[in-house]
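Chain A is fixed; fit chains B, C and D onto it per the hints.
Protein chains: 4
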Amino acid sequence: MQTVEKPVSQPVDSPLTIAGRSFTSRLMTGTGKYRSLEEMQESIVSSGCEIVTVAVRRVQTQAPGHEGLAEAIDWSKIWMLPNTAGCQTAEDAVRVARLGREMAKLLGQEDNNFVKLEVIPDSKYLLPDPIGTLKAAEQLVKEGFAVLPYINADPLLAKHLEEAGCATVMPLGSPIGSGQGIRNAANIQIIIDNAKVPVVVDAGIGTPSEAAMAMEMGADALLINSAIALASKPSMMANAMGMAAKAGRMAYLAGRIPVKDYAIASSPLTGTITGANF
Amino acid sequence: MQTVEKPVSQPVDSPLTIAGRSFTSRLMTGTGKYRSLEEMQESIVSSGCEIVTVAVRRVQTQAPGHEGLAEAIDWSKIWMLPNTAGCQTAEDAVRVARLGREMAKLLGQEDNNFVKLEVIPDSKYLLPDPIGTLKAAEQLVKEGFAVLPYINADPLLAKHLEEAGCATVMPLGSPIGSGQGIRNAANIQIIIDNAKVPVVVDAGIGTPSEAAMAMEMGADALLINSAIALASKPSMMANAMGMAAKAGRMAYLAGRIPVKDYAIASSPLTGTITGANF
Amino acid sequence: MQTVEKPVSQPVDSPLTIAGRSFTSRLMTGTGKYRSLEEMQESIVSSGCEIVTVAVRRVQTQAPGHEGLAEAIDWSKIWMLPNTAGCQTAEDAVRVARLGREMAKLLGQEDNNFVKLEVIPDSKYLLPDPIGTLKAAEQLVKEGFAVLPYINADPLLAKHLEEAGCATVMPLGSPIGSGQGIRNAANIQIIIDNAKVPVVVDAGIGTPSEAAMAMEMGADALLINSAIALASKPSMMANAMGMAAKAGRMAYLAGRIPVKDYAIASSPLTGTITGANF
Amino acid sequence: MQTVEKPVSQPVDSPLTIAGRSFTSRLMTGTGKYRSLEEMQESIVSSGCEIVTVAVRRVQTQAPGHEGLAEAIDWSKIWMLPNTAGCQTAEDAVRVARLGREMAKLLGQEDNNFVKLEVIPDSKYLLPDPIGTLKAAEQLVKEGFAVLPYINADPLLAKHLEEAGCATVMPLGSPIGSGQGIRNAANIQIIIDNAKVPVVVDAGIGTPSEAAMAMEMGADALLINSAIALASKPSMMANAMGMAAKAGRMAYLAGRIPVKDYAIASSPLTGTITGANF
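Protein chains in written order, with UniProt numbering: chain A, 1 to 278; chain B, 1 to 278; chain C, 1 to 278; chain D, 1 to 278.
Simulated from the structure, these hints should not be mistaken for lab results.
Hints may contain errors.
As the list claims (entries may be wrong) - Computed list of lysine to any residue pairs in SDA-like fashion (alpha-carbon distance at most 20 Å, straight line):
#	chain 1	residue 1	chain 2	residue 2
1	C	K233	D	S14
2	D	K233	C	I257
3	B	K260	D	D261
4	B	K159	C	I131
5	D	K124	A	S123
6	C	K33	D	I257
7	D	K142	D	G108
8	A	K196	D	D122
9	C	K260	A	P258
10	A	K124	D	D122
11	C	K233	D	G218
12	A	K135	D	K135
13	C	K142	C	D111
14	B	K233	A	V45
15	D	K260	C	S232
16	A	K124	B	K233
17	C	K33	D	P258
18	C	K159	C	N194
19	A	K260	C	Q189
20	D	K124	A	A195
21	B	K124	C	K159
22	B	K233	A	S14
23	C	K233	D	E163
24	A	K159	D	D122
25	A	K233	B	G218
26	A	K135	D	S76
27	D	K233	C	I131
28	D	K124	A	N194
29	C	K233	D	A186
30	C	K124	B	A186
31	B	K196	B	M217
32	B	K260	A	V45
33	A	K233	B	A186
34	D	K124	A	E163
35	B	K260	D	Q189
36	C	K159	B	E67
37	D	K135	A	I131
38	A	K233	A	V45
Excised from the complex, chain A in its bound form (with noise of 0.2 Å):
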């Protein structure tokens, strides 16, 4: 059904920029929780993406589903961004964010810089630490590394970490894999409106709607991983997610009618009508 995207004609968006190297998509994800590297495979090459994140930790101790999974994805095509999920505190992170530099060197990307931070002392919530995220973004900033930090929704924070020189900020929408959506609007808002760098809506979106409403809100990417290779059909949701953030973006720049209280009608009505008019 979605295979006969019409080319329209459409005023050209600018490319996602992060610390100087241009993406056409939107849309990150990642590789963890698919029932096959298979799945995975085919989910990424439906989803359009440009970028997917791996987690460093899990591919160096070959954790379950992640033997071979470095190896799987074409990384001629595809930009690697190393995670350090699994770390608990700065230090850990650092460590493991310059592991993944060095695998990213070992699978052809010499020039990539990137990290996409996590500090994760909390194991129910997977919420990040605030005061361990920003110590270790200071850390790795001055070591070169392009810092992409998962945070919650916290604006103060997001400007500390941008005054720290990191590459974007990723607030989550709720915790991680549980599907909630985006349950911080408010301040995921804040954030939009006040930052210098590309705000990449992470974590808790489970559908196409909530993808899309990050992207009205004028958030610069996403970056979905359980709802895709959780799904029952991971390859067509990721279909789906893909459209949605181009949809959302879409929306964004074509400017969204106001919410109004009461109803507009299509037009002024003038003059009756009778069978006989006709």
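This is chains B, C and D only, laid out in the frame that chain A set:
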């Protein structure tokens, strides 16, 4: 940006079938409120829609913005859905429906018996009259119309209309043109879960995220007019709405993840790593 | 804890007046679903309510939990609101309404002509039938009843019932006993803004916050049964609901602050201080 | 109307205990933004509160509306909660907290070591700085203060502050004075579920329904200022807020009904009745 939609093979969706007629697109649009006929024409194309609703009274009376409207659309490609906008009583609506059938015939759609039934005595919110709507629907069904009634999201009224032989039910998300989105999702969900005819969510949708949400809930189709026609860039918004309707439908078919209270880590963390492990 | 409500002099609220009869309390309760008659009796007292609804059919047939129910309440203090629960058609409801009037007379309320009209063909969601309800209401008004119809939150239906001579309209917040709260606030607000009879929000309220919200919107009264009767501690919940109804009403009269996008500091900060200033 | 709160015996709630000091009321109020000292005095009484927060800087500098403020309250009955409003850095806040302790002593509360810690560099949204707040809290705990920090609803930050020895955590519902209500309920619920110190919801509450909702979620107390001081009738709104805080707390203790998808009839309908049955 949205011009390069890579074709991806997916399970084929069944068509939308209304009164025995099948359609691929699940987004219907309108003709009112556009700033120019050109914007209307471009938007209809970029939305990908196959059904367009036309206000019979406004065309008949050549209301402002409706001169030449009927002739501006290529009715060999687009299925006309005449509507009874501007009718305050059942009698008025029945009469205008008959005019609509004539209009469709004159424009080349000999076998078009569709009518979007609107009975709206209320000029402030443009909310439909349940009593008048049911009465008009019963008469129009007798006369051989395929009736698509615009209704408040009342599950029992929807059932009455279905039993009266209507071809669809069209519950409103929120008042016409208000852009408030889906304000009565609970009732619309009950209608969807119990209807044996297609459910078309009509009125109130302001953004692609709201369009996608209605489709994710299981709606069969959408009708969107104001949010496209009155957007800053109507054609771009039309494109976004078309993609969102598809994305929402695909997500419905792809099976979303359940909503959970807590977070779910990407994978069990087994073992620990050190720099030496790499 | 809540026993010491300090009396504070406030502008006096006008009473709730229904069909010429005035009440101080704006919370109505019910008699169904309690675990015992004692819990029911205690809850009615602690709620502070002055109107209690009784299911005529269940009392007549001595349904489980309804033996001795009518006799368990002091009808010299509480105004009976017989209801037509269990009626699927207009005819059924009219017949049961007449029985209700007899029941009220037998229990000492000679001039009680109130009836809560429920016409509910749907056994899954217990949603009311708009067509049957209007038909029954017209008949009952003719017979001199003060009709309080239970309806889906449809503003046009509410207007029809008002014009038919009903004493109130009773839009539902969400399905009976569901505890989902006010799921259709937009429609209820339109009903409130346009009704010339009291609007009583009925069904779905699960918590005091939801009760207060309905009153803050300008509802004239509430009817709450399940949320009290099925709470772990019904009498305490009844007390909480009574207080919440009052608090919401007071807030409506006291004039809430507008909702603003940005923060407002407590006062301009003038000057700076040092320890020496103190 | 609300003067006749019938005393009803209920299970006694445990007191609110902060830093070893117990309070019956769970509503705290403020002193800023009132139109007159008289309105402030009346509102404090009618709210039933036992803790009132005072902006130390504004009192020290005699900011508009703060002349004579400290003397206008009967500190033999009301516990003072000095706050550090207007401080942009940790250092500033620590200094002002010390001044607050002196102020409390001068006004007769010799053993009052409470401070509501606000570190707010942001003048647009008045959102607190997580880094500066934690730093100031650590210092103030060392100096023997009972620290009540005002924070964004970040569960990990709340845990850091608790571990640093704070007496409570005070997550914000939405920006100060915005009246937007509880915009981040998911995070506040996580904080409540995991905190070992009292959780006081602060800022953003605009109505009694929102106050009740926070208490129903299990918050231990509320702080409300703008919604009372800037209401059309502050004293009446204060009374409403006091009742709502109680109602919400009682509902939390009384055990609300679960939310269900479908309706639940009042009782099984057994048998049918006819007029003759009566």
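Here's how the hints hold up against the structure:
1. Between K233 of chain C and S14 of chain D the alpha-carbon distance is near 17 Å, which keeps this suggested pair within the 20 Å criterion.
2. Between K233 of chain D and I257 of chain C the alpha-carbon distance is near 10 Å, which keeps this suggested pair within the 20 Å criterion.
3. Annotation: proposed proximity of K260 of chain B to D261 of chain D holds, straight-line Cα distance about 17 Å (limit 20 Å).
4. Note on K159 of chain B and I131 of chain C: the hinted pairing holds, with a Cα-Cα distance of about 11 Å set against a maximum of 20 Å.
5. Between the alpha carbons of K124 of chain D and S123 of chain A the distance comes to roughly 34 Å, so the proposed pair goes past 20 Å and is violated.
6. At most 20 Å may separate the alpha-carbon atoms for a hinted pair to count; K33 of chain C and I257 of chain D meet this at roughly 12 Å.
7. Taking the CA atoms of K142 of chain D and G108 of chain D, the gap is near 24 Å; set against the 20 Å cutoff, the hint is violated.
8. Taken as a hint, the K196 of chain A and D122 of chain D pair is honoured in the structure, with Cα atoms around 16 Å apart against an allowance of 20 Å.
9. Between the alpha carbons of K260 of chain C and P258 of chain A the distance comes to roughly 17 Å, so the proposed pair stays at or under 20 Å and holds.
10. Between K124 of chain A and D122 of chain D the alpha-carbon distance is near 31 Å, which puts this suggested pair outside the 20 Å criterion.
11. With a C-alpha separation of about 16 Å, the suggested pairing of K233 of chain C with G218 of chain D holds against the 20 Å cut-off.
12. Annotation: proposed proximity of K135 of chain A to K135 of chain D holds, straight-line Cα distance about 14 Å (limit 20 Å).
13. This hinted pair checks out: K142 of chain C and D111 of chain C have alpha carbons roughly 16 Å apart, not beyond 20 Å.
14. Under the criterion of a C-alpha separation no larger than 20 Å, the hint pairing K233 of chain B with V45 of chain A is inconsistent with the structure, at around 30 Å.
15. Restraint check for K260 of chain D and S232 of chain C: the C-alpha separation of about 16 Å stays at or below 20 Å, so the hint holds.
16. Note on K124 of chain A and K233 of chain B: the hinted pairing is violated, with a Cα-Cα distance of about 45 Å set against a maximum of 20 Å.
17. For the hint pairing K33 of chain C with P258 of chain D, the CA-to-CA distance comes to about 14 Å; that is within 20 Å, so the pair holds.
18. Our distance criterion of 20 Å between C-alpha atoms is met by K159 of chain C and N194 of chain C, whose separation comes to about 8 Å.
19. Simply put, K260 of chain A and Q189 of chain C have alpha-carbon atoms about 14 Å apart, close enough for the 20 Å limit, and the pair holds.
20. Restraint check for K124 of chain D and A195 of chain A: satisfied, since their Cα atoms lie roughly 14 Å apart, inside the 20 Å limit.
21. Only pairs whose Cα atoms come within 20 Å are accepted, and K124 of chain B paired with K159 of chain C is accepted, the gap being roughly 14 Å.
22. Simply put, K233 of chain B and S14 of chain A have alpha-carbon atoms about 17 Å apart, close enough for the 20 Å limit, and the pair holds.
23. Between the alpha carbons of K233 of chain C and E163 of chain D the distance comes to roughly 35 Å, so the proposed pair goes past 20 Å and is violated.
24. Between K159 of chain A and D122 of chain D the alpha-carbon distance is near 10 Å, which keeps this suggested pair within the 20 Å criterion.
25. Between K233 of chain A and G218 of chain B, the direct Cα distance comes to roughly 16 Å. Compliance with the 20 Å bound is thereby established for this hinted pair.
26. Distance check on the hinted pair: K135 of chain A and S76 of chain D sit about 46 Å apart at the alpha-carbon level, beyond 20 Å; violated.
27. Annotation: proposed proximity of K233 of chain D to I131 of chain C is violated, straight-line Cα distance about 43 Å (limit 20 Å).
28. The straight-line distance between the Cα atoms of K124 of chain D and N194 of chain A is roughly 11 Å, inside the 20 Å bound, and the hint therefore holds.
29. Taking the CA atoms of K233 of chain C and A186 of chain D, the gap is about 26 Å. The hint is violated against a cut of 20 Å.
30. Only pairs whose Cα atoms come within 20 Å are accepted, and K124 of chain C paired with A186 of chain B is accepted, the gap being roughly 14 Å.
31. Of the pairs offered as hints, the one joining K196 of chain B and M217 of chain B holds, with about 16 Å between alpha carbons and a cut-off of 20 Å not exceeded.
32. The straight-line distance between the Cα atoms of K260 of chain B and V45 of chain A is roughly 27 Å, outside the 20 Å bound, and the hint therefore fails.
33. Distance restraint check for K233 of chain A and A186 of chain B: the Cα-Cα separation of roughly 26 Å exceeds the 20 Å cut-off, and the hinted pair is therefore not satisfied.
34. For the suggested pair K124 of chain D and E163 of chain A, the alpha carbons sit about 18 Å apart, so the restraint of at most 20 Å is met.
35. The hinted pair formed by K260 of chain B and Q189 of chain D meets the criterion: a straight-line CA distance of about 14 Å does not exceed 20 Å.
36. Distance restraint check for K159 of chain C and E67 of chain B: the Cα-Cα separation of roughly 36 Å exceeds the 20 Å cut-off, and the hinted pair is therefore not satisfied.
37. For the hint pairing K135 of chain D with I131 of chain A, the CA-to-CA distance comes to about 11 Å; that is within 20 Å, so the pair holds.
38. For the suggested pair K233 of chain A and V45 of chain A, the alpha carbons sit about 14 Å apart, so the restraint of at most 20 Å is met.
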